[in-house]
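Engineer: Residue-level listing of the chains:
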Amino acid sequence: MSLQRIAVLVSDGKNPVSGEARHCRNDSLALQVGLNLVPDLTVLHAGNADNPALQDYLALGASHIDVVPTNGDMVESLAAQLQNVDLILTGTRAENGEDSGLLPYLLAAKLNLPLVAGALEITQSGNHLEILQFLPKGQRRRVRVKLPAVVVVHPLAAVELCHVHARQILGNITAHPATNSAVHHTPWRIDTPRKPIKLKAPLVQTGHERLMAAITSKNKGGTVVNDGNCVEKAQVILNFLREHRLINY
Amino acid sequence: MSRVNPMRPQQTTSSGLKRMVLQANVKPEEAHAPKPIRSPAKPKTRVLVIAHSDRGALDDHARQALAAAAILADAETTVTVLVLGELHENLSSAGADEVMVLPELDFQQFQPDVELASLLAVIKSMQPMRIFMPDNLIGDGDLGRRLIAHSQLTTATQVVEIDTKHVASYQAGCSVLAVCNLPEIVLLAANAVDTDLPFSAKATHVDAVELNHASGEYQDLGLQTSSAAEIALEEADFIVSAGNGVQNLSTLETLALQLDAAIGASRVVVDDGKLPRDKQIGATGKTVSATSYLAIGISGAVQHLQGIKDCRHVIAINRDSSAPIIKRADLSVIGDAEDIMQALIGEIAKAKGANA
Ligand SMILES: Cc1cc2nc3c(=O)[nH]c(=O)nc-3n(C[C@H](O)[C@H](O)[C@H](O)COP(=O)(O)OP(=O)(O)OC[C@H]3O[C@@H](n4cnc5c(N)ncnc54)[C@H](O)[C@@H]3O)c2cc1C
Ligand SMILES: Nc1ncnc2c1ncn2[C@@H]1O[C@H](COP(=O)(O)O)[C@@H](O)[C@H]1O
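Here the protein sequences line up with chains C and F, keeping their order.
Numbering-wise, my numbering puts 210 at position 198 of the first sequence, and it's gapless, one number per residue.
Numbering-wise, my numbering puts 301 at position 148 of the second sequence, and it's gapless, one number per residue.
FYI, nobody ran anything at the bench for these hints, they're computed from the structure.
Nothing here was measured: the structure is a model prediction, and the numbers come from that model.
Check the hints yourself; a few may be wrong.
To be verified - Incomplete in silico selection of chain C near chain F, CB under 10 Å:
hint : residue
1    : K26
2    : P28
3    : L49
4    : V50
5    : D111
6    : L127
7    : V216
8    : H220
9    : R222
10   : E244
11   : A246
Stated by the list, open to error - Lysine to aspartate or glutamate pairs mimicking DMTMM-like chemistry, simulated, CA-CA at most 25 Å apart:
hint : chain 1 : residue 1 : chain 2 : residue 2
12   : C       : K26       : F       : E406
13   : C       : K212      : F       : E242
14   : C       : K149      : F       : E337
15   : F       : K480      : C       : E255
16   : F       : K439      : F       : D373
17   : C       : K122      : F       : E337
18   : F       : K355      : C       : E255
19   : C       : K122      : F       : D213
20   : C       : K158      : F       : E406
21   : C       : K210      : F       : D349
22   : F       : K462      : C       : E255
23   : C       : K149      : F       : D483
24   : C       : K212      : F       : D463
25   : F       : K462      : F       : E500
26   : F       : K188      : C       : E221
27   : C       : K210      : F       : E257
28   : C       : K212      : F       : E387
29   : C       : K158      : F       : D259
30   : C       : K149      : F       : E406
31   : C       : K149      : F       : D347
32   : C       : K149      : F       : D413
We put the beta carbon where it would ideally sit given N, CA and C, even for glycine.
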C-alpha cells in the first residue's frame, strides 16, 4: 500500500490578544507536513464554512477545504468523512474550544487506527511510516507505525510555512450537510477569570506547633559538606549523582 | 518573615545577665515525630494513580498527581499507585497506600498498545473509583488520552485546579478558565498540587499483573540522544552553571564536557562578557528545568533562583557556607571552586576508566 489519501484536520485558531480569527499554527504545520508527503490532500474542518480562519489554510497550501457542521458529535461527523484514508494528520492542541488534545485519540479509537503523537518528521517506507518523535530533555525517538494511522504533529516540527495570496483566491471551501448524532462531552462551565487555586493538604496543628512554626524558620537546605579535602568533596558529589542515578559510572 | 526564637542559646554572664550566643551552632531540630499513617484499615473504595518513573523515581509532577489522590481520598479509600518503569524509592511519604510496579513499561520504550492493554487489565481487576495521571510529555499524557478514548468515563485534561468537588482547566486558547464536576479520569497539569503531606502511608507492595502482548502496529526504532552542547538550555537535563566565583572558565567547560552537561551562567558572568547572553539563567535570563543543576561559585540571588525553581537536584559548590544558594541546594560542598572542579574532573575520569 502506498500513501494516496492523506487527510489533515484543521481547527480555527485565534489571536490571543485581539481574539481575531486566524489559522492555528500547529495545524498549519500538520498541513505542511502532509504537503511534503503528497501534493494533494483532503483538508477537513468541523465548524463554520464562513470562518475567516479557513482562508489562511487556503493561502498556506490547502487547495480545497471540506467543512462538516458540529451540531452533532464532532468526532462522529469527522469520522464519517475519514473512511478509506491512509493517513490522518492533526495538530497537538486546538486554540478554540476544549483544547484538550483529545480529538485525535477519540478519532483513532473510533476508526480503530494506531496513533503516534509528538511527530517532528515523517517518512514513508512501504506500508509503514517512520516518525521522529519528540521527547523532553533533548531526546528524540524513532518509531514505526503501520498504515493507515493517525499522526499528531508536534508544535516544533521543522517545516516552513509559506503564505501565498494567490492560493487563497484559487482555493475553495465546501460545506457538507449535517449528520445527526449524540453529543458525548464533559459538561464544562466557563468560570469568572481568576487564578487557579493550588490543592494543599489541610494541616491540623496544635497551638504549640503553630507557635513554634511562627518563631522558628524551617530549615529547608540539604546536606552541607564542610570537611575533607578536595578529592573527598568531589567523591561526595559523585556519590550524590550516583545515588540519584544521574550518572551511570 | 520569621521571628527571632526567644529560646535560642544563651549564656549567663558573671554579672548575671543573660546574653544570646550569636552564630552558635544551632542543633539540628530534633527528629520530627513520625507523621501519622493515613492508609485505611478497612478500605471500601480505591483510587488509582498512574505514572511513568524516570530513572527509578517518580518526578515532581507524578508526585503531585499522587498527592492529589491522597489529599482527596477519604478515610475508607485506598490510594494505589501504578508505576510504569523501574522504581527504586519508597513512596510512603508521597502518600501511596499500595504500590504496583511494571518495570518493563519504561517511558523510553514506545509500546502504547502494551501499556494500554496492561492498564485496562489493572483497572479491570482493581475497579478504581477515580484515576489520576500527570499530564506530561514522557508518556503519561499520551497514555491517559488513549485510556480516555477507550473508556466511557468522564474526563478532564490539563487540570490546573482541583478539589473534592470540581476541577478547572484553561480552554479556548488559554483565554478562559472552565470548571466541571470532579471527573473519573483526571490528567493534572504541573504544579496544581502541593506535595507536602501531613501524613504518610504504608506503601504496601502489590503483585504486578501479567503484561499483554504487542499488537504489532508499533515498532520502536530506538532513542536518539543529542549531546548536551547541541540542545537548548531549557531542554537540558544536566546543567553546569558558572557564577562569579569561577576564575577559570576552561576548567568548567572541561567538567561540563565530561558530565555531558550544558553550560549555564549567572548574570554577572554574562555581563562580564565571559559567556554569551543566551547562557544566562534567572529572572531576566532563561528558566530551566534540568534534573541536575550544578551551581559553581553562584551566590544564589533571588533573581537567579527564580530561573532554577523547577530543577530537581541542585548541587552547590561555594566558598561561603552562608550564601543563599546553600538553602536551596540539596547538596552543598564548601570550598574553592577551582580545586573542587579539578578534583571532580580527576574522579570522573577515574570512575569512567574503571568502568570501561
Ligand atoms: C532586575 C535584576 C535582574 C536580574 N536578573 C538576573 C538573572 O536573570 N540571572 C542572574 O543570575 N542574576 C540576575 N541578577 C543579578 C543577581 O541579583 C546577582 O547579582 C547575580 O545572580 C550574582 O551572580 P553570582 O552569584 O555569580 O555572583 P556573586 O554574587 O558575586 O557571587 C559569587 C559567589 O561565588 C562564591 N565564590 C567566590 N569565589 C569563589 C571561589 N574561589 N570558590 C568558590 N566559590 C567562590 C562567593 O562566595 C559567592 O557566593 C539580576 C539583578 C537585578 C537587579
Ligand atoms: N473543529 C475542528 N475541525 C477539525 N479539526 C479539529 C477541530 N478541532 C480540533 N481539531 C484537530 O484536533 C487537534 C487537537 O484538538 P483538541 O483535541 O481540540 O485540542 C487540533 O490540532 C486539530 O488538528
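Engineer: Look at each hint and say if it fits the structure.
Structural biologist: Okay, the hints, checked on the actual structure:
1. K26: holds, 6 Å
2. P28: holds, 6 Å
3. L49: violated, 19 Å
4. V50: violated, 22 Å
5. D111: holds, 5 Å
6. L127: L127/C check passes; min Cβ-Cβ to chain F is 7 Å, inside 10 Å.
7. V216: Since chain F brings a Cβ to about 7 Å from V216/C, closer than 10 Å, the hint holds.
8. H220: violated, 12 Å
9. R222: With a minimum Cβ separation of about 13 Å from chain F (threshold 10 Å), the hint on R222/C is violated.
10. E244: holds, 8 Å
11. A246: Cβ of A246/C sits 4 Å from chain F, so the hint holds.
12. K26/C x E406/F: Violated, at about 44 Å.
13. K212/C x E242/F: holds, 23 Å
14. K149/C x E337/F: violated, 31 Å
15. K480/F x E255/C: holds, 21 Å
16. K439/F x D373/F: violated, 33 Å
17. K122/C x E337/F: holds, 21 Å
18. K355/F x E255/C: holds, 24 Å
19. K122/C x D213/F: violated, 34 Å
20. K158/C x E406/F: Answer violated: K158/C to E406/F is near 45 Å, above 25 Å.
21. K210/C x D349/F: holds, 12 Å
22. K462/F x E255/C: holds, 22 Å
23. K149/C x D483/F: Cα-Cα ~21 Å, so holds.
24. K212/C x D463/F: Roughly 19 Å separates the two Cα atoms, so the pair holds.
25. K462/F x E500/F: violated, 29 Å
26. K188/F x E221/C: holds, 14 Å
27. K210/C x E257/F: Measuring from Cα to Cα gives roughly 34 Å; hence the hint is violated.
28. K212/C x E387/F: At roughly 28 Å apart (the allowed maximum being 25 Å), E387/F and K212/C break the hint.
29. K158/C x D259/F: holds, 22 Å
30. K149/C x E406/F: Judged against 25 Å, a Cα distance of about 20 Å means the pair holds.
31. K149/C x D347/F: holds, 24 Å
32. K149/C x D413/F: holds, 13 Å
Hint violations for this structure: numbers 3, 4, 8, 9, 12, 14, 16, 19, 20, 25, 27, 28, all remaining hints satisfied.
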